[in-house]
Amino acid sequence: MTMAATSKLSRVTVVIALAALLLAGQFAADRQALAIARDSAALGRAGFAYLTGVRTFIAAVLWNRLDPIFHEYYEDLTLTEQTQMLPTMQAVIALDPQFIDAYYVAAWMLAQRGYVETGLDIARQGVENNPRSGILRMNYAQLLYLFGSDTPAAVEQADAAVAGAEWRDPIEQHDAYAIFRAIYRSAGMTEREAFILGELVRLDEIIGDALPEGAHDHDGDGVPDH
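Residue numbers for the sequence shown follow numbering that gives the first Met the number 0, beginning at 0 and rising by one.
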C-alpha cells in the first residue's frame, strides 16, 4: 500500500471513529432532530447506504441529522449563517465521496462567506468524484462565474453538463439550465444561449406552469416555471 493510500485510509478511519463518537455522545441532545428525520425517505436512504458499507451508512445518518436542523431548528437563519454544519458536511464528503448534496451546500456556504478558494475546491472535488452529476457541474460553474471571475471555466462546466449530465428530475435540470443561460449570455455565446432557452421552454412544459409561491420565471415568458 502506498503512503498516499495509507494516509487516505487513516483519515477515513479517524472520520469514522469521530462520527461514531458524535452519534453516541450526542444521542440524547439529538433525539428530537432524529425523530423528525426518521421519515420514510431518511430511513430508506440510510438503509440502502448500509448495504454498501459502514462509511456510506454513517454518512447518510450524519446527513439525516443535519436535514431537520436545516429546516426546523435554525429555520430563522440563512443558509450561509449555519456554519456549525460545515464540519459534519466535510465528514459526510470524506465518508462518502458520492454523496452529492454535501458538496454543493458546503461549497456555496463557504463561497458566500468569502472563503471562495475553499468553496471552489470543494465544488471541484465534487465534479471530480461525480463527473456525471448535473447539479455538481452547475454548482461548480455558478461558483466560477459568480465568485471566481472565470467565465471560460464556467462555460466548460456548463458545456459538460449540457452534453450529457444526469439530473434527478426536470426541475433540477431547469434550475441549472437557467444558470447556464446566464453564463452563455455573459460569454457572448448567443447560439448556445438560444439552445438553452429552447430547452428551458421544453422543460417548462414538462414541469407545468402551476407553481408554488416563490417560483421563478427563468425562461422569461412571464409565467413562473416551477
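Be aware that one or more of the hints could be misleading.
Said to hold, decoys possible - Label-pair distances were calculated between CB atoms; the ranges are:
hint : residue 1 : residue 2 : range
1    : S185      : P130      : 22 to 30 Å
2    : D168      : E127      : 32 to 40 Å
3    : V53       : D149      : 34 to 42 Å
4    : E190      : D149      : 16 to 24 Å
Worth flagging that the hints you see were computed from the coordinates, not collected in a lab.
Built from N, CA and C at the ideal position, the CB exists for glycine as well.
| Range hint 22 to 30 Å (beta carbons of S185 and P130) holds or violated | holds, 24 Å
| Consistency of beta-carbon spacing, D149 to V53, with hint 34 to 42 Å | This hint holds: roughly 38 Å between Cβ atoms.
| query | When you take the CB atoms of D168 and E127, is the distance between them in 32 to 40 Å? | reply | Between D168 and E127, where Cβ atoms are some 24 Å apart, the hint is violated.
| query | E190 and D149, beta-carbon distance inside 16 to 24 Å? | reply | holds, 21 Å
Violated hint: 2 only; the structure is consistent with all others.
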